[in-house]
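Let the sequences and hints guide you as you build the complete structure.
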Amino acid sequence: MYSESALLALGWAAIATAHAGHGQTQKADSVFSGITTFGRLPYQPCLENPDAIYDIAFIGLSGGYNVPLQTNPFNSWATVLDCGDIPVTSYDNTWALQQIEDGHFKILSRAPATDADKRGPAIKGKTLPRVITLGGDHTITLPLLRSINRAYGPVSVIHFDSHLDTWKPKVFGGSPSQVAAINHGTYFYHAAMEGLLANDSNIHAGIRTTLSGPSDYDNDGYCGFEIVEAREIDTIGTGGIIKRILDRVGTKRPVYLSIDIDTLDPAFAPATGTPETGGWSTRELRTILRGLEKLNLIAADIVEVAPAYDTNAEHTTMAAADVLYEVMSIMVKKGPLSKMVEGDGGDDDL
Numbered sequence: 035m036y037s038e039s040a041l042l043a044l045g046w047a048a049i050a051t052a053h054a055g056h057g058q059t060q061k062a063d064s065v066f067s068g069i070t071t072f073g074r075l076p077y078q079p080c081l082e083n084p085d086a087i088y089d090i091a092f093i094g095l096s097g098g099y100n101v102p103l104q105t106n107p108f109n110s111w112a113t114v115l116d117c118g119d120i121p122v123t124s125y126d127n128t129w130a131l132q133q134i135e136d137g138h139f140k141i142l143s144r145a146p147a148t149d150a151d152k153r154g155p156a157i158k159g160k161t162l163p164r165v166i167t168l169g170g171d172h173t174i175t176l177p178l179l180r181s182i183n184r185a186y187g188p189v190s191v192i193h194f195d196s197h198l199d200t201w202k203p204k205v206f207g208g209s210p211s212q213v214a215a216i217n218h219g220t221y222f223y224h225a226a227m228e229g230l231l232a233n234d235s236n237i238h239a240g241i242r243t244t245l246s247g248p249s250d251y252d253n254d255g256y257c258g259f260e261i262v263e264a265r266e267i268d269t270i271g272t273g274g275i276i277k278r279i280l281d282r283v284g285t286k287r288p289v290y291l292s293i294d295i296d297t298l299d300p301a302f303a304p305a306t307g308t309p310e311t312g313g314w315s316t317r318e319l320r321t322i323l324r325g326l327e328k329l330n331l332i333a334a335d336i337v338e339v340a341p342a343y344d345t346n347a348e349h350t351t352m353a354a355a356d357v358l359y360e361v362m363s364i365m366v367k368k369g370p371l372s373k374m375v376e377g378d379g380g381d382d383d384l
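Counting in this note's numbering, the final residue of the sequence shown is number 384, and the numbers go up one at a time with none missing.
Note that these hints are calculated values from the structure, not bench results. Check the hints yourself; a few may be wrong.
For lysine-lysine, the following DSS-like pairs were computed, each having C-alpha atoms within a straight-line distance of at most 25 Å [what the hints assert, rightly or not]:
1) 328 with 373
2) 373 with 158
3) 202 with 140
4) 367 with 328
5) 286 with 373
6) 152 with 373
7) 373 with 160
8) 152 with 277
9) 368 with 152
10) 277 with 328
11) 286 with 367
12) 204 with 373
13) 158 with 140
14) 277 with 160
15) 202 with 367
16) 277 with 368
17) 152 with 367
18) 286 with 152
19) 158 with 368
20) 152 with 328
21) 140 with 152
22) 286 with 368
23) 160 with 140
24) 158 with 277
25) 367 with 277
Structure (structure tokens):
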């Protein structure tokens, strides 16, 4: 157990909402900030504070322990904060992408609560906090990777999705302008062209989309990705998929994890923009994620959740929350990012 706490920050990219008045010193409390409480009531650990007074008390029972990973992300060395939304305009996509990159980098570049003075895997030898971003359209991964690149240089990417998202702009969307050329189907193409991805250590998992033709796969390989088709789970199982990912990425590199909720079959996650049948179950995806515990995850995003289109039982949002829980558990179990360079020979292995 670590003696201090490290910062694991969750950022929200609110793509559809423009915020005003950000130059003001006093701001309203975000509806996403702080501990989620019943009716947004004040939180007080009453059993630990005998002086707390109340007329009506709500109580709950703890249950954050991850049995397969044998860790509790909510009761560990890591301090987990909800950092609120990144303010994003809904009127200018180019500026919105810049806002996301700058907002993410400001959070990413702060010193963590644990091991801030120790050597880490970032370019300047620093130990940085991990940031998990909750989107949002999958386009946000491009500015997030630009931010990551400023701190780490090119990184390996594990991409869970039903679609490639490496299409050339002229193939996906027609590319009538430079603004339209960057969208939720082309962002990894741009990331590859900008040198944000580590060479030949990136992988898709869960792919089952139709294509414009075989050349789409050729272009995907040119962008530096290997592909695990969703249907391969029927032949190699979750264990085989985990092995494919680990063999491709390795356990020494800094890794960025991007998860589109449409990786899941619409039976488990119907509330998304481009659902594809024939996907994995929630159990299968969670099992695969747990198998990645040896990786050095430096940051992640979970995107394409559309709560307005969810079922009354909130299947999609519940699945997304469970996926987030698994990602947090992996990061917590791995320990602070300073451990990446402790006794491993340093940058030669990165």
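ask   = Among the hints numbered above, which are violated by the structure, and what are their numbers in rising order?
value = Numbers 3, 8, 12, 14, 15 and 24 - these are the hints that the structure violates, sorted from lowest upward.
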